[in-house]
Amino acid sequence: MPGDWLYIGLFLLIVAIFPGVPILIAAFLAPRKPHPLKNQTYECGIETHGDTWVQFKAQYYIFALVFLVFDVELVFLFPWAVAFNQLSLFGVAAGVIFVLILFVELMIAWRKGLLEWV
Amino acid sequence: MIPLSWYLIFAAALFSIGLFGVLARKNAVAILLGVELMLNAVNVNLVAFWRYRAPNMIAGQAFAIMIFAVAAAEVAVGLSLFISIYRRRKTVVANEIDLMKW
Amino acid sequence: MNDFLEFVKDPVNGIANWIFGLLTGWGMAPDLAGGLLKLVGAGVMCLFGLMLVIVLIWLERKLYARIQDRLGPNRVGWWGILQTFPDMVKIFTKEYITPKGADIVPYNLAPILAVSGVLAVWAVLPLSSTIYGADLNVGVLYIVGVGAIGSLGIILAGWASNNKYALVGAFRAVSQMVSYEVPMVLALLVPVLLARTMGVNSIVHAQSVWFILVAPLAALMFMLTSQAEVGRAPFDLLEAESEIVAGFQVEYSGLKFGMFFVGEFLHAFTISLLTATLFLGGWRGPWAQEWPILGVFYLFLKAAAVYFLVVLMRIALPRFRIDQMLNFNWKVLTPLALVVLMVTALVEKILFDANITLQSAPLGYVLVHLAINALIFAGYLWLALSNQKQREIPVVGKPRPTAVPPKP
Amino acid sequence: MTLLQFVFLVIAAVTLLSAALVVSSRNLVHAALWLIVSLFGVAVLYALLDAGFLAVVQVVVYIGAIAILFVLVVMLSPVAPKDNRSQVDARWWLPGVLSVLLFGGLVWMLSLWQGFTSEVPPVADANQLLVQLGSELVSPNAYVLPFELASVLLVAAMIGAIWVAWERK
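Protein chains in written order, with the numbering used here: chain A, 996 to 1113; chain B, 1260 to 1361; chain C, 6 to 413; chain D, 21 to 189.
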């Protein structure tokens, strides 16, 4: 088991290095001729107007919020699924009720119109 | 092998840094970031105690999972309050949110 | 001769054992030699993944061209198979243009994250019964976790570019990738439940009958949602050219842009590999157990078949609108996935108590699960269609003829 | 010093450093990104503690969901990135002293405890642990009530949070 985690650690290190190396190599191969006009922000050819970081709709946030709650709850279910053979009927029912709560939650959000894109 | 003390000192340091963030930062989101650090420090402690003192009982891991749920709920509500306050009062500074302070 | 046969059956482990023997023979500590070998293995696996992209790009361009009644690349090499190499030379010598006001560190980190988030999945993929990196007992969750790192790269790219289109692309990426992760995780729970394990290799071992036969709905949902995770057509809202220029990658040039490109192609093939592994039996096939090298062949054959479907979807379907995309996720896939999970768990428990498992009575087991899946799907279709009638589509504007003949 | 100790020290240093940057960087997006590095370090520590499941859950939940939510909110509020004023209170030294005192006090109190330097006992196979965790989470003699309550809590939090954040027309 520790061997597996060692492999994962090494793999993550390599995975971070491998895409970086070609980018660095290309930085040496590529020409470098900066120009104030060239380095402008590209927004359809017209000059950029105003600040980029303007306020966006809270709608994006709400979807991320629903996702957060679902994600946390679903992670709980993984050990339940792994231990399925050892579970009594009560245990299985507890897990199913857990999913049912999620389902009801989704229905509430739907009925309240929280899932509409406006 | 790593002794338990290393983990405990690490967690204490992480908790203290988080506490500093909560007390010293002005921005409401930054305060929440500090709270996240503190919750993580607690989680490290729980898992370390489970591993070193009671590896046969799974309690430490189960508690840590509950803390994940609590952290998620806290972030969800806290950030929503932040967005709502920002929309009404155009401020993110915790000191300026003083409508309840008389 | 016998040694040679063993070597042919499993060349990868043969070479690994040979190097290990060589290193320890030189007096290296076995632990260190083992660690070094793991490092080399990880490096070879990554390199293999990245080299595969060269073939994939050619393959996809060729398929694209065939469906659009063109020839595609056909000048460099046989059937244009070497076309990618001149393209690489070109992209390597392109200038990096960093836009004014960009946040330098996140800006440069984003393309790396976009590739590494995909490549990291390969750490737990079993290529055959003996050729695998790590048989992690939480492999499935690991796959979900590193997927999150990939979407983080896209958000960073959009934010750090100091460009409004890029930022809109990043927001769309969040709402899309993050939303589609919910049914994806739900669909992944089904094979975990059926195999009673999260280890990817153990899931392959458990599939004496392919899980696509036991859980066809979960397999279908996994394919759809992972396609959305990749962010290709019909789910390519985050880089929709006609709406937000190129989305999060608009300010990238040269190989930094190329890395996003590589990441996308690699991701498309990786989800095919995952679908093949989790639902199509992975490396399983005739004699795959005795001849591990055959397992690699079977796995890639299955993955290629899935990849063909993925590419076909990309070519044939038009892009969703953002509200359609979110509705499809939250009002179609997620409720369906929740119901599938609940019913599968209950049926599985009843069958397990009645001692009908995949090992003891495969035919009955598969038939029951298939029937349940068909029932859920039929019920769902019936519900959806009966709701369809009540809904009316709001008319935005009256259609009018484009050319009205002038009145005399 | 063994390899594990070396890995622990490196990871702990990186985690604490990025945690310090979380509470001190002026740009909030950078603070949120440092938080991600810090959380990843904690995930590695879980893996070192033989809690592989928690390590991946940390990545899925914290980095995949909570940190993304933070980044999103910071990007949603336009003042954050260009606000170059000091982000800490004028009296920042007071919490600073308090934190250092707390750290010192905690370490001092823990060092009095005789279990402070306990060595690591053997642990069951990782897969067995996972099965144990799964069956205890839904067992009536263990954690089934917190398990279901966590679900209800998250539902309540989600609905409340959406209600608060919803833009009323």
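I should point out that these hints are in silico values taken from the structure, not numbers from a laboratory.
Hints are supplied without guarantee of correctness; some may be wrong.
Computed footprint of chain D on chain B; a stretch qualifies when at least three of its residues, placed anywhere within it, have a C-beta under 8 Å from a C-beta of chain D [claimed, not checked]:
| id | region |
| --- | --- |
| 1 | 1264–1270 |
| 2 | 1273–1280 |
| 3 | 1289–1296 |
| 4 | 1302–1308 |
| 5 | 1311–1318 |
| 6 | 1323–1330 |
| 7 | 1334–1348 |
Between beta-carbon pairs, the in silico distance windows are [claimed, not checked]:
| id | chain 1 | residue 1 | chain 2 | residue 2 | range |
| --- | --- | --- | --- | --- | --- |
| 8 | C | Trp84 | A | Ile1103 | 17 to 25 Å |
| 9 | C | Gln329 | D | Glu168 | 30 to 38 Å |
| 10 | D | Thr137 | C | Val13 | 50 to 58 Å |
| 11 | C | Ser365 | D | Glu168 | 17 to 25 Å |
Since we're looking at a predicted model, the values are computed, not measured.
A virtual CB, placed ideally from N, CA and C, is assigned to each residue, including glycine.
Hints and how they fare:
no. : hint                              : in the structure
1   : 1264–1270                         : holds (count 6)
2   : 1273–1280                         : holds (count 8)
3   : 1289–1296                         : holds (count 6)
4   : 1302–1308                         : holds (count 4)
5   : 1311–1318                         : holds (count 5)
6   : 1323–1330                         : holds (count 7)
7   : 1334–1348                         : holds (count 11)
8   : Trp84/C <-> Ile1103/A: 17 to 25 Å : violated (56 Å)
9   : Gln329/C <-> Glu168/D: 30 to 38 Å : holds (35 Å)
10  : Thr137/D <-> Val13/C: 50 to 58 Å  : holds (54 Å)
11  : Ser365/C <-> Glu168/D: 17 to 25 Å : violated (33 Å)
Consistency note: the structure conflicts with the earlier hints numbered 8, 11.
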